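Chains A and B, in that order, give the protein sequences.
Quick note: the first sequence, position 52, residue 102 per my numbering, numbers continuous.
Quick note: the second sequence, position 71, residue 132 per my numbering, numbers continuous.
Bear in mind the hints are in silico, worked out from the structure with no lab data behind them.
Values in this document were obtained by computation on a predicted structure and should not be read as measured data.
Don't be surprised by glycine CBs; every beta carbon is placed ideally from N, CA and C.
Take these hints with a grain of salt, some might be off.
[What the hints assert, rightly or not] Keeping only pairs whose Cα atoms sit at most 25 Å apart, straight-line, the calculated SDA-like set for lysine to any residue is:
id	chain 1	residue 1	chain 2	residue 2
1	A	K111	A	V63
2	B	K105	B	K132
3	B	K102	A	S120
4	B	K80	B	S126
5	B	K102	A	S76
6	B	K102	A	T105
7	B	K70	A	S134
8	B	K132	B	P122
9	A	K151	B	E85
10	B	K102	A	S102
11	B	K80	A	G91
12	B	K101	A	P90
13	B	K102	B	G89
14	B	K102	A	D104
15	B	K83	A	Q95
16	B	K132	A	K111
17	B	K128	B	N111
18	A	K163	B	K101
[Said to hold, decoys possible] Pair by pair, the computed Cβ-Cβ distance ranges are:
id	chain 1	residue 1	chain 2	residue 2	range
19	B	K83	A	S89	20 to 26 Å
20	A	R127	B	Q75	16 to 22 Å
21	B	E143	A	S68	29 to 35 Å
[As the list claims (entries may be wrong)] Some chain B residues close to chain A (C-beta under 8 Å, calculated; not the full set):
id	residue
22	F103
23	M107
24	F108
25	S109
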Amino acid sequence: AQSVTQPDIHITVSEGASLELRCNYSYGATPYLFWYVQSPGQGLQLLLKYFSGDTLVQGIKGFEAEFKRSQSSFNLRKPSVHWSDAAEYFCAVVPYNQGGKLIFGQGTELSVKP
Amino acid sequence: DTAVSQTPKYLVTQMGNDKSIKCEQNLGHDTMYWYKQDSKKFLKIMFSYNNKELIINETVPNRFSPKSPDKAHLNLHINSLELGDSAVYFCASSQGTVPEQYFGPGTRLTVT
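Modelling step: build the complete structure from the supplied sequences, incorporating the hints.
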């Protein structure tokens with residue numbers, strides 16, 4: 051079945067530590083790939099996107115993500131986490147020929163320890 | 062300048078009532094969407110309009126009726142509200158075939 055999976059429901063990291071949030075998708079053709087962040091009580095902000103080309107993409111707030119076709123993955127990384135990064139992170143895809151419909155993963159809640 | 066705005070931000074109402082949520086975007090986009098985020102934070106698309114024409118209509122109860130008076134506005138009207146309609150509703154917009162979507166701040170609907 052077509053799906054987007056974020057295996058980690060909740061992750062806690064110490065401030066200054068590195069971060070990797072996992073995302074896997076299950077679609078026949080590589081979809082458009084996105085990461086969004088939702089701070090408590092806020093809307094969704096686009097962190098970065100992958101459409102084609104260089105498989106390592108840079109986003110806002112010091113985030114980057116790497117597309118790996120062989121693993122159907124699009125993992126989000128940050129080398130040094132700040133307390134303000136505590137939020138809910140959503141991986142999402144737009145499959146080809148589905149009229150722009152964003153399909154979201156379940157989300158990963160990030161907590162940051164001082 | 063707010064790119065995608067929604068009103069109201071909070072909406073508390075009783076079962077059986079009818080309510081509307083409004084969305085406006087000033088990005089010049091031609092496609093707008095409604096998403097629902099449930100209590101487990103799961104996000105699911107409900108509707109999409111392109112140039113005022115409905116192009117995505119997921120399996121949503123027909124108590125939900127979107128209306129797009131022009132391509133900058135997409136409103137959501139909900140009839141006969143039920144407890145299960147309690148959620149956060151997000152509006153989003155995009156331009157043409159570019160799938161990148163920008164979201165509004167959300168409307169938290171509570172049905173009592």
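Index of numbered hints that the structure contradicts, given in increasing order:
3, 6, 10, 13, 14, 16, 20, 21, 23, 24
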